[in-house]
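Based on the sequences and whatever the hints tell you, model everything.
Once you know that position 91 of the sequence shown is 98 in the working numbering, the rest is easy, because the numbers rise by one and skip nothing.
These aren't lab readings, by the way, just hints derived from the structure by calculation. Ideal Cβ placement from N, Cα and C applies to all residues, glycine included. Be aware that one or more of the hints could be misleading.
Computed beta-carbon distance windows for the label pairs [unchecked claim]:
#1 D207 - E52: 14 to 24 Å
#2 A94 - G190: 38 to 48 Å
#3 E159 - E52: 34 to 44 Å
#4 D105 - G190: 32 to 42 Å
#5 G147 - A206: 21 to 31 Å
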Amino acid sequence: MTSASPRPDLLVGFDLDLTLVDSRQRIGTCLAAALASHGVELSAEQAASTIGLPLSDGLEILAPGLPAGAREEVVAEYRQRHDAPGAPPMTALPFSADALRAVRAAGGRTAVVSAKLEPVLRAALAETGLDALVDVVVGGRFGAGKGEVLREIGASGYVGDHPGDVVAASTAGVEGLAVLTGGSTEGELRGAGAREVVADLSGFDAWLERHVARLAA
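See the structure below:
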């Protein structure tokens, strides 16, 4: 897509984990270790199965019998491990940088709205080399809460891998694109209301062309 004149009406938001960034190993390893110190034995793969949800909600699923005080300790230990210099790396998913560049080439702006706390979100973008391609960063939001942010910043669309991301787009009243790079199936995403589902962000350019055309119309 060639460079275009600025388009104030084009602002595409993206989820982070498993939409733009592969964080499975980082999250799964650190969360499994934090849970193990409180007697909950899970594999890194099992611990990563709730990626996309706020951490507190994920712990209720992974360790429902854990007392509230112990959950707070797990959260604190997890965050310490996650942010430690020796933590497993995060990498940008294929086509993620291309998708962000495509929005800018079309004259638009990009946003990342995630359940991650904002300082951690910004650090993840920097670690994966995507920070220079993102114009707006908002953390600590999930589902309808993301939708409220999307409305506030004037987003025209939202891209994510989780049913909560579909809810976000619907809440904001914007066009959504669901990707299958996370743990959700196409059926789950469509069941949440997704109208367009693609395997990965290699399908983003075609969606963006349609999105821009619809905005123009």
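Taking the hints in turn, this is what the structure says about them:
Restraint check, D207 to E52: a C-beta distance of roughly 20 Å satisfies the suggested window 14 to 24 Å. Between A94 and G190 the beta carbon distance is about 21 Å. The supplied range of 38 to 48 Å is therefore violated. Take E159 and E52: their Cβ atoms lie about 36 Å apart, and the range 34 to 44 Å holds. Under the hint 32 to 42 Å, the C-beta atoms of D105 and G190, about 23 Å apart, miss the expected range.
Between G147 and A206 the C-beta distance comes to about 29 Å, which sits within the given range of 21 to 31 Å.
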